[in-house]
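These protein sequence lines map, in sequence, to chains A and B.
Following this note's numbering, the numbering of the first sequence begins with 7 at its first residue and continues without gaps.
Following this note's numbering, the numbering of the second sequence begins with 4 at its first residue and continues without gaps.
Derived from the structure by calculation, the hints contain no laboratory data.
Keep in mind the model is a prediction, meaning the values are calculated, not measured.
Some hints could be false.
[Said to hold, decoys possible] Computed, partial: chain A to chain B, Cβ under 7 Å: (1) Ala-53; (2) Thr-72; (3) Pro-77; (4) Pro-292.
Positions of the beta carbon are idealized from the N, C-alpha and C atoms, including for glycine.
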Amino acid sequence: MTLRARLHATALLGTAQHPLDFPPVDFTAGGSPLDEALARVGSTGAAQRFLESAALLVAYERAGATPSPAPPLSPAAEEDSRSRCSRKAAGYLAAVLAERRALLPEWLSLALAAGVRPPEESLPALLEAGTGAWALRDPVRRAGGPLAKWLAASHPDWLWVGAVAEDESAWETGTIEERVAFFTRLRASNPARARELLQGVWAAEPADSRRRFLEAMNAGRSVEDEPFLEAALDDRSAVVRRVAAEHLARFAPSRLCERMKARLEGRIRIARSGFLGRKAVIEVEPFEDVDAAMARDAIEKKPPAGSQFGARAWWTMQAIAAVHPSYWAGLFERSAPELIEAAKNGQWADLLLGGWQSAAIRYRALDWLEALLDQFAEPGTWPTDLLLAMPGAARERAMLRKYDADGAKWLLATAACCPHAWSAEFTARFLEILERYPAQETMQYQYRELLRAGSLLASSDVQLPPPDALFERTLVEFFDTLSFRRRMRDAFTPRT
Amino acid sequence: MAISVTSDQINSLAPDAASLKAARSLASPRTWSELGRDDRAIWGACQGSAKDPYRTQVDWQGPAFKCTCPSRKFPCKHGLALLLLLAEQPALFISTEAPEWVASWIQSRSQRAEAKAAETAGPVDEAARSKRVEQRFSRISQGLEDLELWLRDLVEQGLASVPSRGFDFWDTPAARLVDAQAPGVARRVRQMASIAASGEAWQTRMLHAIAQLELLIAGWRRIDALPEATQADLRTAVGIPVPQEDVLASTAHRDLWFVAGQRIDADDRLRVQRSWLIGAIKERAALILDFAVGTASFKTNLLPASVIDAEICFFPGAAPLRAAIRAIHGAADAPSIVPGRKSLAAAFEDFGARSAANPWTENQPASLHAVTPIAGPSGWFLRDAAGAGVPVRPDFTLLAVSGGLPVDLFGEWNGEQFLALLASAHGRYIPLQAGSAA
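Isolated chain A, as found in the complex (with noise of 0.2 Å):
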């Protein structure tokens, strides 16, 4: 037994019970400069001698202390083709990480747009925040790189960067969670291969899964996916059932979009009225009934509750909703504006404007979109569907026209209705309006949490004021991120 084991048993134990054995060293063996110092430990009591040994022996060890052998050396992170963002770039990546949080996304974005990725150091960071917030994860991935990916595997936070794995045993072995984002994944790269890995599993899949993957095909999605969601048309779940035709209702020309045209034939026409019969008018004459392929095509039987429709009503206005509106332009030979005022001069005003709506949002038809907008909403209301279902020019041009008297509501609408990176045009008439309509004392909170939201949108190529100019102290910071938001994005463009 070497003396340091000795030592460390009676520690343990303590001298009283187990006292070290005196003298320490057997001499036998000649003397080491530590047997020396050790023969001279006095005779004063067990519990000294062990403490004056200890003092000895560690000192002793501690002076002659040598590295171990380390353990093998595993596989480095794959190189990045990549270049590092310039320095000034990780200067501002460090200030977002430590004080401006909502401005990750756009410093991401920007990396991912110059083609550059973030600076070593930060990649922790990076992947704390990714594992806060999901809509983080797929730039913090792609930004970091194989780095992030390697450095992710000793972490069991960080699993998720590694867990969208190119191969396909996720898809058999995962969680639902994992093979939804799998799926999801695949989807948008071989929409295809998703749907066939889909359909191999599909009948033995519980109702809720079947939903969440049929949930997760929005993307790539095309009329090959028609046989595939009309046979999921005859699906036991009600719920799997509707997902399928909101999906159908979404291409055209499907064959659900087909049958409801079928089904609408003749019941909706086009009558003069008024004087010398110079207003259109369209009529409509709704469904007397559902029957079981109506049913089949998600056409609801019951209204919803509170619903202003009598039955008929709903169900014919379902069917419309199923209908690119376009159809019903070429049909009439008349422009979106013309059937909206027609529609409006008659009873059915309601069911008509109702099944546009959703048809229109379904199918993006941004000429309808803009004349519902413009003749169907009430004056100072935004109906934020509308909006959201429009590419972001046409957003604004949209916002811009609804502009009206009260501009302090206006204002509060903007964020809400336009949550995409605003023109300078765009950017310059909110902020005219935002002049003219300060702050009410009442108003205060959601002032502040509109230009919170504006800070992060709006574009950072307008005229800032000079710190001192502020009109209102509330706009202090509004400027203050806007200012900083476009010195980030010039540290990503090469210096001219």
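Given the coordinates of chain A, work out where chain B should sit on it, guided by the hints.
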């Protein structure tokens, strides 16, 4: 020689996060005018909320800050903003002719520095002083005898039951040592409380702590028979302060000192900034300590990975590490690699030699050449080219910086574990533990 600065360095100067944030908003060309710089200083005028712009200047020797704003923070946001602007857009600093308000400040600072250097220790009442020293010596001796009794009790009972003891078990003897004017020993006893709760292999660490205390007690008992340098080490370990002016009066070592690592220890309201310097020419290591209470900022602004041309004086001891700065003559460009980088075997030879000379050495510096961090199932290690290994404090930033490939590292070895403070990789320096108060 152009002054340059990185944002990491600026971060380490900020008194708090709010100042840094405010500074970032101000670090925009539209806020500043009269920007300029020379070898010694940078300056500019910042349009704030007042009618007249604030005049902000930074003396690179220190660095020291001056601003006409009323802020009580130090450095103020304008000073930080000026540095940030320099880091981001050095081209804006056009003027090289220091205006009067800069030149006069720099001149007065230089005069003050000279006056301070020339200042000699005032007359001291030698008799009173030696009486105080004697009183303290006998109090410490008594305190250490009591501690030895307590240690004997501890080893008689055995360490097995130690982890179940409450804090009082350690606090009582520690408090008695404070009363005996041996704060250094009191700190070691308090640390034993956390050793008892430190998990796997705590017994070994505890035995080491006990052994070091006993060595200290035994050494103190016969301090008069020991070499002068070892006496100084014992006094330091016990916690007797060495007057700064005595240190500054000793031989100065002038070198280009590379600020190789920095970390901040927080103990309640007292924060200790530990800055390691390595002589770029003579490759000698030095530790500069600075203390600040509460939110006050540190007096010495040493920027990690920067180089200062300075004279420093070591505190006495057999293997001196702690030092004080006597004078700073200027800044220099950082070297491209950490000076003094070694294999693990060579680093351990240094550790052994220092431990042999001063067995109470706690943290030792080392700059390691081409070591690869490994986050393995049996813990975190550094591995050098020869396959030797040393445990390292887990640090994902370190791992990310290496990417599984060798990096040069500067850090501290505490006898158990290496703490990485600065990495040199990808052609740049990356401070680790930045702003950490572990």
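Starting from the hint list further up, note which numbers the structure goes against and sort them upward. 4
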